[in-house]
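Listed here are the chains, written in short residue letters.
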Amino acid sequence: MDILFSSLAAGILFGMALSLVALGLTIIFGVMDIINFAHGEFLMIGMYTGLLTAQAFGIDPLLTLPVAAAVGFLLGIVCYLGFIKFLLRGPMIAQLLGTFGLMLFLRNLALLIFGPNDRALHKGILVGKSFDIGLGIVIPATKLATAGLSLAAFGAVWLLMNRTRIGKALTATALNPQGARYMGIPTERMNALAWGIGGASVTVAGALIVNFWSVNPYIGLLFTMLAFAIVALGGFGSVPGAFFAGIVVGLITELPGFWDFVAYTFEFDWMSDVPMTSFKYMWVYVAYFVIMVVRPRGLFGWKH
Amino acid sequence: MPLLDVRNLTKNFGGLRANDAISFALDKDELLGVIGPNGAGKTTLFNCIAGLHPVSAGQIIFDDEDITRLPAYEVARRGLARTFQVYVASGDLCVLENVMVGAFMRTHKRAQARRRAEDILERLNLRELAGAMVSELPVAAQKRVSMATALGTSPKMLLLDEVAAGLNPGEIEEILAIIRSVHRDMGITVMLIEHVMELVMNISDRIIVLDYGRKIADGLPRQIADDPKVIKAYLGERYVHEHSGEAT
Amino acid sequence: MEALKNAVDFSDFPRSDLIIAILVGAALLIFPLFPHSAFAMATMIQFFIFSLYGMGWNTIGGYGGQVDLGKAQYVGIGAYTTAVMLIRWDIPFWFSMPIGVLLSVSWSFIIGYPLFRLKGHYFAIATIATSLVLKDLFEVWGFVGAARGLEISPIKYAPPDFLRLIFREDVYYYYVIFVFFLLGILYMNWFRKSRLGFQLRAIKDNENVAQSLGINVHWAKIKTYAIATAFVSVVGSFHACYIKNIEPEDTMSLNLSILIALMAMLGGAGSLWGPIIGAGVLIPLKSYLKEWLGASAGLVGIDLIIYAAIIMVISAAEPRGIWGLVEKIRRRRSR
Chain Y
1 MDILFSSLAA GILFGMALSL VALGLTIIFG VMDIINFAHG EFLMIGMYTG
51 LLTAQAFGID PLLTLPVAAA VGFLLGIVCY LGFIKFLLRG PMIAQLLGTF
101 GLMLFLRNLA LLIFGPNDRA LHKGILVGKS FDIGLGIVIP ATKLATAGLS
151 LAAFGAVWLL MNRTRIGKAL TATALNPQGA RYMGIPTERM NALAWGIGGA
201 SVTVAGALIV NFWSVNPYIG LLFTMLAFAI VALGGFGSVP GAFFAGIVVG
251 LITELPGFWD FVAYTFEFDW MSDVPMTSFK YMWVYVAYFV IMVVRPRGLF
301 GWKH
Chain R
1 MPLLDVRNLT KNFGGLRAND AISFALDKDE LLGVIGPNGA GKTTLFNCIA
51 GLHPVSAGQI IFDDEDITRL PAYEVARRGL ARTFQVYVAS GDLCVLENVM
101 VGAFMRTHKR AQARRRAEDI LERLNLRELA GAMVSELPVA AQKRVSMATA
151 LGTSPKMLLL DEVAAGLNPG EIEEILAIIR SVHRDMGITV MLIEHVMELV
201 MNISDRIIVL DYGRKIADGL PRQIADDPKV IKAYLGERYV HEHSGEAT
Chain D
1 MEALKNAVDF SDFPRSDLII AILVGAALLI FPLFPHSAFA MATMIQFFIF
51 SLYGMGWNTI GGYGGQVDLG KAQYVGIGAY TTAVMLIRWD IPFWFSMPIG
101 VLLSVSWSFI IGYPLFRLKG HYFAIATIAT SLVLKDLFEV WGFVGAARGL
151 EISPIKYAPP DFLRLIFRED VYYYYVIFVF FLLGILYMNW FRKSRLGFQL
201 RAIKDNENVA QSLGINVHWA KIKTYAIATA FVSVVGSFHA CYIKNIEPED
251 TMSLNLSILI ALMAMLGGAG SLWGPIIGAG VLIPLKSYLK EWLGASAGLV
301 GIDLIIYAAI IMVISAAEPR GIWGLVEKIR RRRSR
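Protein chains in written order, with my numbering: chain Y, 1 to 304; chain R, 1 to 248; chain D, 1 to 335.
These are computed hints drawn from the structure, not numbers from a lab. Among the clues, some could well be false.
To be verified - Far from chain D, some chain Y residues (derived; all Cβ distances over 12 Å):
| hint | residue |
| --- | --- |
| 1 | Asp33 |
| 2 | Phe37 |
| 3 | Phe105 |
| 4 | Arg107 |
| 5 | Gly167 |
| 6 | Trp213 |
Unchecked claim - Restraint-style ranges between C-beta atoms, simulated for each label pair:
| hint | chain 1 | residue 1 | chain 2 | residue 2 | range |
| --- | --- | --- | --- | --- | --- |
| 7 | R | Gly91 | D | Asp9 | 49 to 55 Å |
| 8 | Y | Phe114 | D | Pro14 | 47 to 53 Å |
| 9 | Y | Pro186 | D | Leu23 | 37 to 43 Å |
| 10 | R | Pro37 | D | Val8 | 56 to 62 Å |
| 11 | D | Arg15 | R | Asp119 | 27 to 33 Å |
| 12 | R | Pro138 | Y | Gln178 | 28 to 34 Å |
| 13 | D | Lys244 | Y | Pro186 | 54 to 60 Å |
| 14 | Y | Phe114 | D | Gly25 | 30 to 36 Å |
None of these values were measured; they are calculated from a predicted model. In this text, a Cβ means the ideal position worked out from N, Cα and C, and glycines have one as well.
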């Protein structure tokens with residue numbers, strides 16, 4: 001039973017980190033209909049930023065978040081103004097392939113600069129520490145902090161979107177770009193802002209995740225696919241949707257571990273032929289497919 | 001036996017009742033006009049009959065078969081074709097090819113489809129424009145291409161959606177002649193939505209009038225023109241009041 | 001037969017295009033007779049392979065307008081079917097290839113039915129998801145060698161073996177795939193003029209209008225997807241016999257799926273020559289970039305950076321591809 005709880009806890013915590021990763025994607029999609037294949041690469045850049053800043057200045061990884069946010073914000077805006085803006089004029093296939101090109105570009109640039117090897121954080125207030133909260137659940141401090149900060153970030157974004165003028169302008173642009181333009185809202189600037197905020201949230205997520213996940217230039221794709229699945233499950237454009245769907249996906253990735261444990265302990269040979277953990281991400285894709293067919297709008301989606 | 005029999009057709013879009021218990025019937029050799037102010041539900045009616053919208057209540061019987069629940073392509077295959085405001089099958093195909101798309105509904109062979117398409121273009125005076133791209137044509141020709149595309153499917157009945165919109169009087173005459181030819185020479189039953197009164201009054205055997213989703217009148221063109229309910233729908237109560245007693 | 005006549009009838013193309021096509025075709029025919037490096041030969045074979053992949057993709061992606069980013073799974077099914085059948089049961093290519101097609105097409109119908117209820121981005125992501133799922137499954141499935149894959153060792157057979165498609169010299173492979181290439185072009189020429197081809201173009205433009213013209217949109221898409229699948233599977237089977245070493249990471253990866261879509265988009269999706277032009281430009285570019293600037297130059301990844309930049313520029317500047325550009329210029333000239 002303990003193992004079940006700890007799997008659940010791990011799933012939820014990881015899920016909250018994933019939610020933050022997906023948040024950027026859903027904001028961007030909400031404001032303009034484009035899917036960014038390079039999303040995972042932004043995450044990767046955030047991870048490297050967090051890691052290198054911490055190592056270079058000898059400061060605690062948690063303090064690198066503002067740096068990561070700034071980098072992400074700039075990156076998002078530059079990508080939009082320098083490239084994405086032009087993609088929007090073309091057909092969808094060009095957009096998809098264009099962002100795929102961006103993904104390859106960023107990935108190989110990172111490969112060139114950082115080399116292919118894994119890098120991880122070894123020092124920091126939270127690294128290596130954990131809390132035992134009973135019921136057999138042991139939570140690494142880094143994951144707990146990530147989850148907490150993710151919640152904070154979501155709260156901040158929600159406040160931004162719903163309580164500030166800028167946020168409302170963004171939402172207006174998302175719902176009706178023409179109408180927003182007539183109201184004097186500068187759509188171009190809103191688009192760039194969406195990319196900035198989207199970029200910042202995912203790089204911050206990266207700076208958090210690097211506390212418990214090592215980084216290399218190839219790590220982006222997995223997270224891009226997970227983010228897509230989360231955004232689709234939660235509903236494209238929905239901020240609360242991304243939050244809950246992230247947790248769901250986190251759970252999906254942890255439960256196969258639990259299955260393996262059950263199979264092993266209870267000696268269900270037929271179950272343990274192939275360890276389910278080999279496919280833990282596969283189930284996310286299966287879930288995506290099933291949900292898309294059954295309820296294309298996702299949990300909270302309003303855009304189709 | 002009417003070719004088309006619509007019984008209590010109702011279509012709701014959420015809270016809005018676009019079509020409210022509309023009933024009418026159409027014989028094979030009739031040409032029925034559908035008129036009414038903007039937003040009366042005319043295009044919705046066409047969409048429901050053609051199977052593009054699921055119906056909220058009521059029945060549609062075409063050629064003795066209940067087509068109410070059939071999807072649009074099945075309705076088309078049973079011989080009920082329609083034109084669209086967005087003119088044609090594909091902007092990337094030339095005029096002849098557009099008509100061939102419809103013709104392919106009845107045959108798998110390219111040669112046969114091509115012959116059928118050429119035949120239709122001939123009847124609609126579009127022969128010289130066979131190789132042209134639709135977007136390069138003047139509006140009047142585009143309307144004819146739109147009709148030709150629908151006719152490619154060799155339908156028993158044709159629904160025309162505002163084919164005269166945007167045409168000058170000479171072009172209206174032309175399209176009137178074509179519609180008549182389609183109806184009489186090709187033996188196709190026609191039902192048309194129109195705002196251009198001269199066309200409708202001139203060509204229809206019968207007219208139904210819609211207002212706020214309901215059918216408010218059904219009769220011969222003359223009767224419709226004199227019907228106070230119709231005048232009121234178009235011009236308002238005050239007009240009827242002020243002009244009551246005037247003979248036509 | 002009428003179909004055959006339609007396949008060889010290129011009369012609706014301008015004369016100049018046909019002359020160029022014939023000249024290029026002739027050049028391709030005699031290429032192996034001229035001195036060439038092994039690398040050049042290998043690049044040419046890849047060109048044919050990717051032209052065919054692109055042509056297949058073009059049916060559903062170009063003419064049909066549905067962006068499919070999961071074609072690699074069918075390359076895998078084709079390749080593995082042929083490899084497994086050869087290694088385990090000594091079944092020659094000409095039998096295993098059609099079986100591979102059968103398996104691929106069956107799978108395409110199974111996932112196609114739910115898949116085509118989706119559109120646009122959702123559809124594209126779903127295609128990626130299914131391809132990744134299949135790849136993950138192959139990576140743990142012992143029967144097909146799991147992640148290590150399968151290897152066909154030519155010493156077990158007596159090359160040149162036309163039945164099993166095992167040869168020692170590349171030139172045999174060249175001519176075999178060249179024939180497939182020509183057949184592919186003939187098929188695509190028939191396809192674009194066929195009933196399904198016309199239906200697809202109407203669907204791509206406006207699905208409601210297509211429905212009203214009696215087209216069962218869902219079914220048309222599924223059929224076309226199956227055709228694209230068949231193309232890709234045939235070439236996958238060939239790939240197994242040519243490369244002789246297959247594993248999920250190269251045969252079924254997302255990179256491959258995207259590359260396939262890229263061929264068609266770069267060259268001009270929705271046109272007959274597009275995928276061929278796309279492959280003609282992209283494959284040599286990719287190969288030679290890698291040769292000159294890749295790992296050997298000590299700068300890992302530069303070739304891919306340039307390749308990625310090219311993709312980005314084309315997507316942003318001329319999404320209709322090279323052929324789209326050609327047509328644009330022609331239209332302007334004729335004014």
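Against the structure shown, which of the earlier numbered hints fail to hold, in ascending order? Result: hints 1, 2, 3, 4, 7, 9 and 14 break, sorted rising.
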